[in-house]
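Dock chain S against the given chain Y, drawing on the hints supplied.
Line by line, the protein sequences give chains Y and S.
Just so we're aligned: 141 in the numbering used here is position 141 of the first sequence, and the numbers increase by one with no gaps anywhere.
Here the numbering used here runs 1000 ahead of the position in the second sequence, where the first position is 1.
One or more of the hints may lead you astray.
To spell it out: a stretch of chain S is covered by chain Y in this simulated footprint if at least three of its residues, at any positions, have a beta carbon under 8 Å from a beta carbon of chain Y; those stretches are [as the list claims (entries may be wrong)]:
| # | stretch |
| --- | --- |
| 1 | 1124-1134 |
| 2 | 1178-1192 |
| 3 | 1204-1215 |
Listed next, with one range per pair, are the computed distances between beta-carbon atoms [said to hold, decoys possible]:
| # | chain 1 | residue 1 | chain 2 | residue 2 | range |
| --- | --- | --- | --- | --- | --- |
| 4 | Y | Met1 | S | Glu1234 | 14 to 20 Å |
| 5 | S | Arg1137 | Y | Phe96 | 32 to 38 Å |
| 6 | Y | Met1 | S | Arg1133 | 23 to 29 Å |
| 7 | Y | Val148 | S | Trp1009 | 32 to 38 Å |
These are calculated hints, taken from the structure and not from any lab test.
Owing to the predicted nature of the structure, the values given are computational and were not obtained by experimental measurement.
Glycine included, each C-beta is placed from N, C-alpha and C at the ideal position.
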Amino acid sequence: MYESLIFFLFLLIVVVIHFTLAPLIQILGVGPDIILIYLVYWSVRRESYKGVIAGFVGGIIQDLVQATIMGIYSLSKSIACFFAGYIMRNKKSIPFILLIFTLFITVFIHQMIYSVFTSLHSAGGYLSLVLRYLIPSSFYTMVVGVAVYGSIELWKKKKRGD
Amino acid sequence: MQYGISRFWHRYRDYLVLGTAVIISFILMALNDSLFIGYMRSGASLIVGSMEEAASYVPALFEAKRENRILKRQLGRLLLDYSRYEEVVQENIRLRDLLGLKKEVEYDVIPAEVIGAGVGGLPGSIHLNVGLRDGCRKNMAIVTPEGVVGKIILVNTTTSIGHIMTDANFRISGRIKRSRVVGIVRWLYGNLCSMDGVSVGADVEVGDCIVTSGYSQIYPGGVEIGRVVEVSDESSGLFKKILIKTAVDFSRLEEVLVVKKKFDNGRQ
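The following block holds chain S by itself, in its conformation from the complex:
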């Protein structure tokens, strides 16, 4: 009997192990959103994230000098812009008071470095060197000066994982800045996205800027998502087919900002 089992195992072990691995993989797919998988992800990202943080110093050293030069130039420009911005903010506060509007949500940012990214398949996630100790929390928006990047989906003490726009499951509510039309933006391929749910009669033109709608509790309103590069009517005749080029170049993400709400008077 024992000899029989042993012979069976030796003869079919390749297929048995493969079958087991396939079954476990399917079970894991079914359990994707479970708490257990969440804990596992958190633990794995803590271990690998710490190693990544250490390893990321090597490429960072090569980049530091060039970045420093660029940042100094940008800082000078931003200081000039900031003085103008301060005046506009004060003016905005006065006007809102005059009109009796509620205060807008105020945001703070946590600067973060991208220390790792998913490659090989579709780049749907990035690893950041900020975590709980830096004030980073789940569902905080990730942006760059150019526009929206994604949101935080997993945080541990020192690192976090961001779900970025170039993932098949990513959706974001967008608004056409000029005509205020709202739709759902989702990734197609490369740096291209589509904007769904915009009716045929809506006012959309090539070159229009798409910004976040402000409907979400995650993303601040008015942050650029991208620009319309192609508009046509869908075959169903009900909606427009809108192609958007993302404002952010996802193949060159190095530094990002994690957006933290300071206070929210309007949405208590």
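Extracted from the complex, chain Y is given alone in its bound form:
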């Protein structure tokens, strides 16, 4: 219960950061998905089904606030977070490289599912979306993710006194 409450409170903060500060660091209209970075970090340390629930809740909030077609983000984020937990199953410790690799895979899965549903309504088609948004935004999310995860890991190390 306590864990869920903490998750939800942090999620709300991350959603606000995503919608207020992330637009300021957009490059050519492409920005990082900060909500996904948080959800993946949360999911890799838990069982897959908990990741799915986290991804679903985060996705629903994004769907509601972003006013896109309802259900697109909840679907893509649930599946992405499922894989985040699945890749890390039965792992006692999480090496940083594996964490980054997981982020890359999940971001790519998320953007692929999102693009499939969005391209149904887009004049440009799927390929155009992949080239102009899927690859650049996946890469950008990855870069921001590496910076965020790296900072958290460093802070943790410092706190442990390593």
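Relative to chain Y, chain S alone:
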């Protein structure tokens, strides 16, 4: 029996929860336009919008000084233009009276700040710091001095959500200012749109200005949408393929104007 269910749950819970989430997501997609989802969106935007409004003061502080300088310069220029504009308006009223034409629709504007935007996927919506208390209503047009931005799709007391041109579902009726040809403008990618439904024989040139057609009950006529950057014939041979660069840079939206009809004599 209970042990069996418990074992089944422990073994397949990841897939069961995933399956449930996928099914619910598809149901939500089907219910996208329902009233229930509308209420949910309104509630969520009220909560997150209030938090965004508070958080937006942080980046706004850094920008305020620079903006103030730019705005002072713009204000000086606009005051000069306004005195000329007033004369033109008076002249226009006199001429319309002479010709016996109906009065044009008059508009008022509500200045608004963009306090949030959808990023990560396609930027299809923006959050504004104006709501019902400021006179903002659903289906009001959003513009900037440069051109059309979009329209309001959801309003609550203090904030609202705007559906902007860079969304795959957005359509707007446009007119080529020079030749008066009308077509439907829709977003392609980045700051590029296409204008559909313009026949092969229509008079369109690169550099032509596209403005709102005025056919819509939402957008005032004559507001710039963008400029033609490429014209070719479609493979079907029936229509032209027109590529437009939007007048507004959607990656740098900070302040917008929500357009409010003052009165509408011509369209009662």
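Met1 of chain Y versus Arg1133 of chain S beta-carbon gap, inside 23 to 29 Å or not: Distance hint for Met1 of chain Y, Arg1133 of chain S is violated at roughly 37 Å.
Range hint compliance [Cβ, Met1 of chain Y to Glu1234 of chain S, 14 to 20 Å]: Violated, since Met1 of chain Y and Glu1234 of chain S (Cβ atoms, about 59 Å apart) do not stay within the stated range.
Assertion that chain Y covers the stretch 1178-1192 of chain S - criterion: three or more residues, beta-carbon distance below 8 Å: Holds, because 6 residues of the stretch 1178-1192 of chain S bring their Cβ atoms closer than 8 Å to Cβ atoms of chain Y.
Val148 of chain Y paired with Trp1009 of chain S, Cβ distance criterion 32 to 38 Å: Given about 34 Å between the Cβ atoms, the range holds.
Outcome, coverage hint (the stretch 1204-1215 of chain S, chain Y; C-beta under 8 Å; three residues): violated (count 0)
Cβ contact check, 8 Å cutoff: the stretch 1124-1134 of chain S against chain Y, three residues minimum: Contact hint for the stretch 1124-1134 of chain S vs chain Y: holds, 3 residues under 8 Å.
Consistency of beta-carbon spacing, Phe96 of chain Y to Arg1137 of chain S, with hint 32 to 38 Å: violated, 51 Å
Hints 3, 4, 5 and 6 from the earlier list are contradicted by this structure; the remaining hints agree with it.
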